[in-house]
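Enquirer: What follows is each chain in one-letter form.
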Amino acid sequence: MIQTARLRTSVVVVTKDRPEMLAGLLASLVTQSLQADEVLVVDNDSSRSYEHVFEAFRARLPLRVVVEVTPGIPAARNRGIAEATGEVILFSDDDCRAEPGWVERMVRPFYLNQHIGAVGGEILSETRVGGLVEEFCVAETLMRMGRSDEAKT
Amino acid sequence: MIIDITKSGYRKGYLPRHGVGVFHPFFATANAAFRRSALEAVNGFDGRCATGEDIDLCIRVARADYELWFEPSAKVTHFHRSTLRGLLVQWFRYGYGHAYLFRKHGPARRLEFYRYDLSKTNDSPFGIARVLSLPSPVPGMVFLSSYHAMHLGLVGAVAAFAAGARALGWTALLGAAVAAAWYFAPGLDARHPFRSMARSALRYVSDGAYVLGGLLGGFSQGMIYLEATRTRRDRGATAGGRE
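Chain order of the listed sequences is A and B.
Take 1 as the starting number for the first sequence in the numbering used here and just add one per residue.
Take 1001 as the starting number for the second sequence in the numbering used here and just add one per residue.
Derived from the structure by calculation, the hints contain no laboratory data.
You can take every hint at face value.
Under 7 Å between C-beta atoms, here's a sample of chain A residues computed to sit facing chain B:
#1 ILE81
#2 GLU87
#3 ILE89
#4 LEU90
#5 ASP93
#6 GLU99
#7 ILE116
#8 GLY117
#9 ALA118
#10 VAL119
#11 GLY120
#12 ILE123
#13 LEU124
#14 GLU134
Quick reminder that beta carbons are idealized off the backbone N, C-alpha and C, glycines included.
Please model the entire structure based on the sequences and the hints provided.
Expert: As structure tokens, then:
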């Protein structure tokens, strides 16, 4: 059955003590082809201040912030679900960056069939500082994809 | 450098709504979306998950009769951890969390044996097959892999030599050597000997952290849990399917 009513979207992100990383994700949400109706940040009781980050994005994103004091990602995400107002809830992490078509492409399948309960996208991996451990993660990934020749070069 | 990290084993569209044991199609929450009604139907995330809460959620969403759709055009970039300590802690936590998942979703009074099966006839998620399922007062999972065979052979050899059974000791040692060759050889590269050895060493220690996490997680759940270590022959996506 094709669903025609517009689906309201919420992006829920849990963060703790990584304001700089979160700023990178929020920046990638500003430039989306389809803007989310709500960006809900769940602060899992950080000891560092995010105020400068939130100030920088409040005018550019439909940003809401809640604090969840129960430690752990499941509790924080459940708080996000409870607070979010969207029919479709998108999750990402503060150490990620969304490509510009992300929200639009993640939401589109939900219109196809109302029995679709979950949609997952591709996760790419970016190295940041170089070094053997990052190189190892990349090589392992290539091997798993059957592209071992690239992994060896 | 940007490369695909996880979902190479999935194709665009509907994913199977069943798994083998707890090896089940799932979406990492770094890039996943859920319909609110599906989240409400399963009561959201399970707070008892140390890790793998995304696997657990997808298992329950699928069992609640919702479809899972993989959309590779929706991309998110993730930064890798760059310290050895971070890598080991992460793999330890994966192992620890998976044991709880098996306790929750696996059979209650059975000990099950799994292995990788990359033959074309096996269409289970991540190329994993159940080999054997035995009634057992202590439940759990044993993943049959060269990593475990290598260590079993070494322990067996030490025990046999200590007991004076030299022929048995040499046999066990030979078995350990064959398993070690199976485990390490695919990762070694004569053109880059040191680099490939360093990578193999990293794989060995991160598998070690994974296995240790699984064992301790298993003990905490009153079961035996011997993790699915990663091998080069693995067709599976998502780090042997479970990252």
